[in-house]
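Student: Chains as they are written, first to last, in my numbering: chain A, 1 to 113; chain B, 1001 to 1121.
No lab work stands behind these hints: they were computed from the structure. All C-beta atoms in this analysis are idealised placements derived from N, C-alpha and C, irrespective of residue type, glycine included. Certain hints may be false.
Far from chain A by the CB rule (all over 10 Å, computed), these chain B residues [what the hints assert, rightly or not]:
no., residue
1, 1014
2, 1024
3, 1027
4, 1065
5, 1069
6, 1075
7, 1078
8, 1080
9, 1085
10, 1086
11, 1119
Simulated crosslink set (DSBU-like; lysine-lysine; CA at most 35 Å straight-line) [stated by the list, open to error]:
no., chain 1, residue 1, chain 2, residue 2
12, B, 1022, A, 42
13, B, 1053, B, 1040
14, A, 69, A, 58
15, B, 1038, A, 68
16, B, 1053, A, 42
Covered stretches of chain A, as calculated for chain B (at least 3 residues, CB under 8 Å) [said to hold, decoys possible]:
no., region
17, 32-44
18, 99-105
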Amino acid sequence: AQSVTQLDSHVSVSEGTPVLLRCNYSSSYSPSLFWYVQHPNKGLQLLLKYTSAATLVKGINGFEAEFKKSETSFHLTKPSAHMSDAAEYFCVVSGGGADGLTFGKGTHLIIQP
Amino acid sequence: DTEVTQTPKHLVMGMTNKKSLKCEQHMGHRAMYWYKQKAKKPPELMFVYSYEKLSINESVPSRFSPECPNSSLLNLHLHALQPEDSALYLCASRTVIAGGPLAFSGANVLTFGAGSRLTVL
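So that you can see chain A by itself, here it is in the shape it has in the complex (with noise of 0.2 Å):
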């Protein structure tokens, strides 16, 4: 069975310092992982996405995320928060659910000044 968990709900970082949003999965396979991005109010943009190929992936708006096997990790990172990067993230594992995706609870990105 498939599993998805955030670890954070929320996560506060000051701007220009670095960005750790971390995930961990369950699944019974190899699965595609996915972060998605929803700013307020808003649908949910990719942001990146793990198919078994380069285990560092590099994204959109300067976030990679690291596939780690023996760790079952998925963890988001960016080495320079901004301001427009506040947002709900949600780390995505294919299988599990009727849609053939299960969602993490999502964590909550908050950018000090």
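With chain A's structure known, arrange chain B on it following the hints.
Tutor: Structure of chain B alone, referenced to chain A:
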């Protein structure tokens, strides 16, 4: 800019009204989805259409009625809603790959619309 267009962006309706939400995409995607999202929660699946046929209905009350008139359009008809139905309604689409409608890979990720914010008074 999103390639999935949802209208209206905002809708306020009474419990006796009939209204519709609309979704349109021109990416050639043959799977289309309706999700409901409450504040600070992940999206919850409502319906999935695959090749214009309803393939998944997640036990949604009959006051929500989906319709897929063609491969580019998806509607959600609303009637006799309750205040607890107030939420952001998201449409999404993707291609269908060889593994079937539940198979995902990097080639067929979900593309979401900006959503329709529904308030039921």
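Student: With reference to the structure, classify each hint as holding or not holding.
Tutor: A quick look at each hint next to the structure:
no., hint, result
1, 1014, "holds (22 Å)"
2, 1024, "holds (14 Å)"
3, 1027, "holds (13 Å)"
4, 1065, "holds (19 Å)"
5, 1069, "holds (21 Å)"
6, 1075, "holds (17 Å)"
7, 1078, "holds (19 Å)"
8, 1080, "holds (25 Å)"
9, 1085, "holds (17 Å)"
10, 1086, "holds (13 Å)"
11, 1119, "holds (12 Å)"
12, B/1022 x A/42, "holds (16 Å)"
13, B/1053 x B/1040, "holds (31 Å)"
14, A/69 x A/58, "holds (17 Å)"
15, B/1038 x A/68, "holds (31 Å)"
16, B/1053 x A/42, "holds (27 Å)"
17, 32-44, "holds (count 7)"
18, 99-105, "holds (count 6)"
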